[in-house]
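K.L.:
Here are the chains, one letter per residue:
Protein chains: 2
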Amino acid sequence: MSEFNNLSSKIIDLRKNIVRLSSSSDDYRATALNLIAEGLVRDKEMIYKANSKDMEDARENNTTPALVARLKFDEHKLQGVLDGIKMVGESEDPIGKVLERRELDDDLLLEKVSFPLGVIGMIFEARPDALVQIVSLCLKSGNGIVLKGGKEATESNRALVKSIKKSLENSKIGSDWILLIESHSDVATLLKMEGYIDLLIPRGSNKFVKFVMNNTNIPVMGHSDGLCSIFVDETADVAMGVDVCFDSKTQYPSACNAVETLLVHKNIAKEFLHKLKTKFDEKKVIIHGDETVQSIIDCVPAITEDWDTEYLADEIAIKVVNSEDEAIDHITSHGSHHTDAILSQDESNIKKFYLSVDSADVFANCSTRFADGYRFGLGAEVGISTSKLHARGPVGVKGLMSTKYLMRGNGNTVAPYSDGEKNYTHKELSIEKEAMCK
Amino acid sequence: MSEFNNLSSKIIDLRKNIVRLSSSSDDYRATALNLIAEGLVRDKEMIYKANSKDMEDARENNTTPALVARLKFDEHKLQGVLDGIKMVGESEDPIGKVLERRELDDDLLLEKVSFPLGVIGMIFEARPDALVQIVSLCLKSGNGIVLKGGKEATESNRALVKSIKKSLENSKIGSDWILLIESHSDVATLLKMEGYIDLLIPRGSNKFVKFVMNNTNIPVMGHSDGLCSIFVDETADVAMGVDVCFDSKTQYPSACNAVETLLVHKNIAKEFLHKLKTKFDEKKVIIHGDETVQSIIDCVPAITEDWDTEYLADEIAIKVVNSEDEAIDHITSHGSHHTDAILSQDESNIKKFYLSVDSADVFANCSTRFADGYRFGLGAEVGISTSKLHARGPVGVKGLMSTKYLMRGNGNTVAPYSDGEKNYTHKELSIEKEAMCK
Numbered sequence: 230m231s232e233f234n235n236l237s238s239k240i241i242d243l244r245k246n247i248v249r250l251s252s253s254s255d256d257y258r259a260t261a262l263n264l265i266a267e268g269l270v271r272d273k274e275m276i277y278k279a280n281s282k283d284m285e286d287a288r289e290n291n292t293t294p295a296l297v298a299r300l301k302f303d304e305h306k307l308q309g310v311l312d313g314i315k316m317v318g319e320s321e322d323p324i325g326k327v328l329e330r331r332e333l334d335d336d337l338l339l340e341k342v343s344f345p346l347g348v349i350g351m352i353f354e355a356r357p358d359a360l361v362q363i364v365s366l367c368l369k370s371g372n373g374i375v376l377k378g379g380k381e382a383t384e385s386n387r388a389l390v391k392s393i394k395k396s397l398e399n400s401k402i403g404s405d406w407i408l409l410i411e412s413h414s415d416v417a418t419l420l421k422m423e424g425y426i427d428l429l430i431p432r433g434s435n436k437f438v439k440f441v442m443n444n445t446n447i448p449v450m451g452h453s454d455g456l457c458s459i460f461v462d463e464t465a466d467v468a469m470g471v472d473v474c475f476d477s478k479t480q481y482p483s484a485c486n487a488v489e490t491l492l493v494h495k496n497i498a499k500e501f502l503h504k505l506k507t508k509f510d511e512k513k514v515i516i517h518g519d520e521t522v523q524s525i526i527d528c529v530p531a532i533t534e535d536w537d538t539e540y541l542a543d544e545i546a547i548k549v550v551n552s553e554d555e556a557i558d559h560i561t562s563h564g565s566h567h568t569d570a571i572l573s574q575d576e577s578n579i580k581k582f583y584l585s586v587d588s589a590d591v592f593a594n595c596s597t598r599f600a601d602g603y604r605f606g607l608g609a610e611v612g613i614s615t616s617k618l619h620a621r622g623p624v625g626v627k628g629l630m631s632t633k634y635l636m637r638g639n640g641n642t643v644a645p646y647s648d649g650e651k652n653y654t655h656k657e658l659s660i661e662k663e664a665m666c667k
Numbered sequence: 230m231s232e233f234n235n236l237s238s239k240i241i242d243l244r245k246n247i248v249r250l251s252s253s254s255d256d257y258r259a260t261a262l263n264l265i266a267e268g269l270v271r272d273k274e275m276i277y278k279a280n281s282k283d284m285e286d287a288r289e290n291n292t293t294p295a296l297v298a299r300l301k302f303d304e305h306k307l308q309g310v311l312d313g314i315k316m317v318g319e320s321e322d323p324i325g326k327v328l329e330r331r332e333l334d335d336d337l338l339l340e341k342v343s344f345p346l347g348v349i350g351m352i353f354e355a356r357p358d359a360l361v362q363i364v365s366l367c368l369k370s371g372n373g374i375v376l377k378g379g380k381e382a383t384e385s386n387r388a389l390v391k392s393i394k395k396s397l398e399n400s401k402i403g404s405d406w407i408l409l410i411e412s413h414s415d416v417a418t419l420l421k422m423e424g425y426i427d428l429l430i431p432r433g434s435n436k437f438v439k440f441v442m443n444n445t446n447i448p449v450m451g452h453s454d455g456l457c458s459i460f461v462d463e464t465a466d467v468a469m470g471v472d473v474c475f476d477s478k479t480q481y482p483s484a485c486n487a488v489e490t491l492l493v494h495k496n497i498a499k500e501f502l503h504k505l506k507t508k509f510d511e512k513k514v515i516i517h518g519d520e521t522v523q524s525i526i527d528c529v530p531a532i533t534e535d536w537d538t539e540y541l542a543d544e545i546a547i548k549v550v551n552s553e554d555e556a557i558d559h560i561t562s563h564g565s566h567h568t569d570a571i572l573s574q575d576e577s578n579i580k581k582f583y584l585s586v587d588s589a590d591v592f593a594n595c596s597t598r599f600a601d602g603y604r605f606g607l608g609a610e611v612g613i614s615t616s617k618l619h620a621r622g623p624v625g626v627k628g629l630m631s632t633k634y635l636m637r638g639n640g641n642t643v644a645p646y647s648d649g650e651k652n653y654t655h656k657e658l659s660i661e662k663e664a665m666c667k
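Chains as they are written, first to last, in this note's numbering: chain A, 230 to 667; chain B, 230 to 667.
Hints are not guaranteed to be accurate.
You can't tell identical chains apart in this list, so a pair holds if it fits in one copy or across any two.
[What the hints assert, rightly or not] In silico lysine-lysine, DSBU-like type, Cα no more than 30 Å apart, as pairs:
| id | residue 1 | residue 2 |
| --- | --- | --- |
| 1 | Lys513 | Lys377 |
| 2 | Lys651 | Lys504 |
| 3 | Lys326 | Lys656 |
| 4 | Lys627 | Lys282 |
| 5 | Lys245 | Lys282 |
| 6 | Lys651 | Lys506 |
| 7 | Lys627 | Lys391 |
| 8 | Lys662 | Lys341 |
| 9 | Lys627 | Lys394 |
| 10 | Lys245 | Lys667 |
It is worth saying that the hints were derived from the structure and are not from the lab.
From a predicted model like this one, the values you see are computed outputs, not experimental measurements.
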């Protein structure tokens, strides 16, 4: 970069400042979290007032009720946020966890230890409570954060960041590791800050996530597509299968983990499709079926594009297949490696599905809708990743961590080992003891 | 990609074929490794003959003795390769290892399990033995491999791949997961195969690795720079410090983990620099010193570029600093986040260095030259990564693995949990038992 605009310089400064946070003790970070919680209570009227302004604007702009509900920040949301801060504060310190410990020689000790990634760039929806959750997670995990919230929450986000920064002034870690950005041009600058931002986490529409992935050299954690499939094996329990397919499709159809394609084994197709159709009719689910499906139930004839369509609505593509292999091939060719499930009572078919389907989440006999950080028990979810590197599937605070190899010697040199005078002992040691950096 | 050349189609086919390897049992893979070893012995005369041709060409082209030594494939190298295959075969199965196991409810079990990344693109130096090592590691870890070796080893690589493929025809996993490519235009095609190649591992010159990183959207594991520094704290043991600095600089100066910059605390500078100079003079190490260094010992005046120079030779930059903070700032601004060390007898200074220096390897009181997969006890090293995501520092077979979340239910749906009828138990379980896919 030959020229820096104002935001670039701020991000470069932020990166320099994070060492105070990233090298801080868990005690300092816990105290800072408490200060933030106390501050939010202290400043709540200021925050509610800012949020009212956002809510008014939203109503004037005919914003959808769902967005307005997410935008609201009231006593109830504040309590949720305070509970969240408490939970994050009490969770295990993710910094300086020993992942491997090995003696290389009597007086040479190696440890692989977890450390913060550095600076996270988080682009998220218009949910003020999400801002507090993200800041808490970054504080706990020792990562600097550049925040860009949905524009509908502009006033609320400003008020929250003002309160948080004020509270942190009195802490040992300061507040210069948080930066709130607002405009589209700020996002454009953010995407160019390779080397200063370690990880971008975009949340929002598929289109937006894809745009971020295609317009930055910074690693991106996220998922742009969620074309999930269910294979109904010939041994599937029909009643159970119908329930699972109904839940996977209709429980929340606009979610990325909702099912979009059903692959039904020919030997079970007739019985299964009739019962499924009856159930789907309750919610008026539109079925796009291949020729065999059309010969069994009343449906819309499927066209080629249907096998690659993420409906995100009460709509589904159904194909009859001759074998598990055909189902797996279909998922490999058309799926998005997000979440796929098999319904089967045959152990070897289930194992084959687990081994052969190359997706972040591979399920048997349960709804695809379980693919979620909270449901998985990961604590707070920072995102869902369809990348195969670093983190895959729902990602918790672990996804914000990197590692360092720490070594402690007593003047050890490599020459005697290379010359054959000394030999490495390479003894694996317990990882229970605290890291040498603590 | 709108048009596919011949190589693109081959890589797309290879990707389809890998499921036979990636879903195979450890027994099948062990048998295949044995077949490869037996085959190399069977075909050794053919391989030696091909290697002789490469050696002749290399001598005619006045190739350096070091390259010729690496290029040679004889009885001794064959034995090394056979030992390596045996070691890889006997190592723990990296596929299907349970990393987390959690009960979500009585009848809903979640496992995070290790799985192969997919297809690795490996571009490596003219070392025929490295080809066999890479193929063995990919076989063991269930990854398909596209190989591009140094051009000086063309005949040897062809002979080795011919032997390996012939041996694998008789195995349960086949040989269609290995592809040898040869030309520069093949590499250009490889770099464009996003979505079909999961990870590129380029080995070679800094310039080449940087070229790869800048010319592909495929994730790259590697390191382009190795600007390693040592900070000599005021409490350092002078004799130990001189030994460690001498080893770090001169034991193998062209390695990426050789030290390039020394930062010496002002309170120890006089004594330390005099003794270091005496030792460095044994190897005629050229010292580029700042003004204070110039006032203490005879040296070349350092210019601004010296602080950013990776000499990869018997040459070093030395600066006197006023504090540990100044040293850390210098490393943050000029280092390459590869390997940095502190020499100190002060525990709190060592801990501060561990916490504040953001590098893959952070050492105390030992040579930077220890930063290496073999020395670290990782078994075979696939590369050294300066990325902070996925894998950092020397990388063993773990770096070739991804994960899947496997879930097993009994018809479970999300609705009753969302409606508050049921609650998750989220009970952490032991990871000792085999994965549900086994």
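K.L.:
Taking 30 Å as the upper bound on the Cα-Cα distance, should lysine 326 and lysine 656 be classified as within, between, both, or neither?
P.N.:
both (19 Å within a copy, 21 Å between copies)
K.L.:
From the Cα coordinates, with 30 Å as the cut-off, is the pair lysine 627 and lysine 282 best called within, between, both, or neither?
P.N.:
Neither. Shortest intra-copy (36 Å) and inter-copy (51 Å) distances fail the 30 Å Cα cut-off.
K.L.:
State whether the alpha carbon distance between lysine 662 and lysine 341 is at most 30 Å within one copy, between copies, both, or neither.
P.N.:
both (13 Å within a copy, 25 Å between copies)
K.L.:
For lysine 245 vs lysine 282, is the C-alpha pair at or below 30 Å within one copy, between two copies, both, or neither?
P.N.:
neither (35 Å within a copy, 55 Å between copies)
K.L.:
As a check of your reading, is lysine 627 near lysine 394 (CA-CA no more than 30 Å) within one copy, between copies, both or neither?
P.N.:
Result: close within a single copy only, 25 Å intra versus 40 Å inter.
K.L.:
State whether the alpha carbon distance between lysine 513 and lysine 377 is at most 30 Å within one copy, between copies, both, or neither.
P.N.:
Classified as neither; 38 Å inside a copy, 55 Å across copies.
K.L.:
Given identical chains, is lysine 245 near lysine 667, meaning Cα to Cα at most 30 Å, within a copy, between copies, both, or neither?
P.N.:
Classified as within: same-chain Cα gap 22 Å, cross-chain 47 Å, threshold 30 Å.
K.L.:
At most 30 Å between CA atoms: does that hold for lysine 651 and lysine 506 within a copy, between copies, both, or neither?
P.N.:
between (73 Å within a copy, 27 Å between copies)
K.L.:
For the identical chains here, do lysine 627 and lysine 391 meet the 30 Å Cα criterion within one copy, between copies, both, or neither?
P.N.:
This pair counts as within: shortest intra-copy Cα distance 28 Å, inter-copy 43 Å.
K.L.:
Is the C-alpha distance from lysine 651 to lysine 504 at most 30 Å within one copy, between copies, in both cases, or in neither?
P.N.:
For lysine 651 and lysine 504, the Cα distance is within 30 Å only across copies (26 Å; inside one copy 73 Å).
The earlier numbered hints that this structure contradicts are 1, 4 and 5.
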